[in-house]
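Enquirer: Put together the whole structure using the sequences plus the hints.
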Amino acid sequence: MASARHSGRVLPVPMGLVQIGPVVEVKLRPPAIQREFLLRRDGVSPEVTIKLLVDTGAQRTVIEQVVLESLGLTPVSMVPIVGVSQVPEDRPLFYAAIAIGMGIPGKDAGEAVFEREVVGVGSPQRPNAHQGLLGRDFLRFVDFHYHGNNGTFEIVDVPAVIGSSVRKVTGKPPTHPSQKKHRR
Amino acid sequence: MSLVSLVAQFRQSLPSLQSQYEGKWVIFRESGIVGAFSTFKEAYEEAYRRFDNDSSYIVEQIAPPQEPTPITAGVLFGLC
Chain D
1 MASARHSGRV LPVPMGLVQI GPVVEVKLRP PAIQREFLLR RDGVSPEVTI
51 KLLVDTGAQR TVIEQVVLES LGLTPVSMVP IVGVSQVPED RPLFYAAIAI
101 GMGIPGKDAG EAVFEREVVG VGSPQRPNAH QGLLGRDFLR FVDFHYHGNN
151 GTFEIVDVPA VIGSSVRKVT GKPPTHPSQK KHRR
Chain C
1 MSLVSLVAQF RQSLPSLQSQ YEGKWVIFRE SGIVGAFSTF KEAYEEAYRR
51 FDNDSSYIVE QIAPPQEPTP ITAGVLFGLC
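Which chain is which? The protein sequence lines are D and C, in order. Reading the first sequence from the start, the letters are residues 1 to 184 in this note's numbering. Reading the second sequence from the start, the letters are residues 1 to 80 in this note's numbering.
Check before you lean on any hint, since a few could be wrong.
Listed next, the in silico BS3-like pairs over lysine-lysine satisfying Cα-Cα at most 30 Å (straight line) [as the list claims (entries may be wrong)]:
| # | chain 1 | residue 1 | chain 2 | residue 2 |
| --- | --- | --- | --- | --- |
| 1 | D | Lys27 | D | Lys51 |
| 2 | D | Lys51 | D | Lys107 |
| 3 | C | Lys41 | D | Lys51 |
| 4 | C | Lys41 | D | Lys27 |
Example chain C residues on the side facing chain D (calculated, C-beta under 10 Å, incomplete) [said to hold, decoys possible]:
| # | residue |
| --- | --- |
| 5 | Val4 |
| 6 | Tyr21 |
| 7 | Arg29 |
| 8 | Phe37 |
| 9 | Lys41 |
| 10 | Asp54 |
| 11 | Tyr57 |
| 12 | Ile58 |
| 13 | Val59 |
| 14 | Pro70 |
No wet-lab data here; the hints were simulated from the structure. Built from N, CA and C at the ideal position, the CB exists for glycine as well.
Expert: Here is the structure:
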């Protein structure tokens, strides 16, 4: 059985992947409990589409704070982080849902939703092609294949994801046995 | 109370909380701990149900103080 996967290709091949990196388009939302409350109360729940760079050098997933706040999220804590300067700095910690489109060869397989703590960081003076980083706290739930020679990458193996804090939402509900046509 | 003050109060209280809540995720307000849970998700969901997004609480794990997280975002987002 084929695993669901998110496939990315960065042009031009192969230097696009070198210069830009494995950037994934994701949908960022409030976590499920907040989303359900907002849907009941307002009939809508905010969502933004952003790009995140898969970064094996980042221990945690980080996203620009203005993007997180645009969803009405408020910090649930602060965490000390440190960059190459080695000077620790407290940054706000948010809780958010990150949804990634997944496919099985030839068809759409819905999305994998990753609900986790996310560090809010300041926006760079010069905007990047991405608004944050998918760190190793995300990668621990998936396989990540980097094909530098042909400028592609894949995030694979949703079954491994389902057992974690991530849940998969398939495009179609499974067919109940009573709904299946009988074959002669 | 600001987020920074609340986090500072929690860090100051941490040693006295460890024997009773070791390993638990707690909802912490100015008045102290208002709930203890096994996972962050459980604690967050209860806090949201009770206090919405009113910034009056934090969700923390009762554990030894964490080392600063190394992160390359320091470079990407001009933190360094």
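Enquirer: Each hint should be assessed against the structure and marked as holding or not.
Expert: We went through each hint and held it up to the structure:
no.: 1; hint: D:Lys27 x D:Lys51; verdict: holds (9 Å)
no.: 2; hint: D:Lys51 x D:Lys107; verdict: holds (22 Å)
no.: 3; hint: C:Lys41 x D:Lys51; verdict: holds (25 Å)
no.: 4; hint: C:Lys41 x D:Lys27; verdict: holds (20 Å)
no.: 5; hint: Val4; verdict: holds (7 Å)
no.: 6; hint: Tyr21; verdict: violated (15 Å)
no.: 7; hint: Arg29; verdict: violated (12 Å)
no.: 8; hint: Phe37; verdict: violated (13 Å)
no.: 9; hint: Lys41; verdict: holds (7 Å)
no.: 10; hint: Asp54; verdict: holds (8 Å)
no.: 11; hint: Tyr57; verdict: holds (8 Å)
no.: 12; hint: Ile58; verdict: holds (5 Å)
no.: 13; hint: Val59; verdict: holds (5 Å)
no.: 14; hint: Pro70; verdict: holds (6 Å)
Hint violations for this structure: numbers 6, 7, 8, all remaining hints satisfied.
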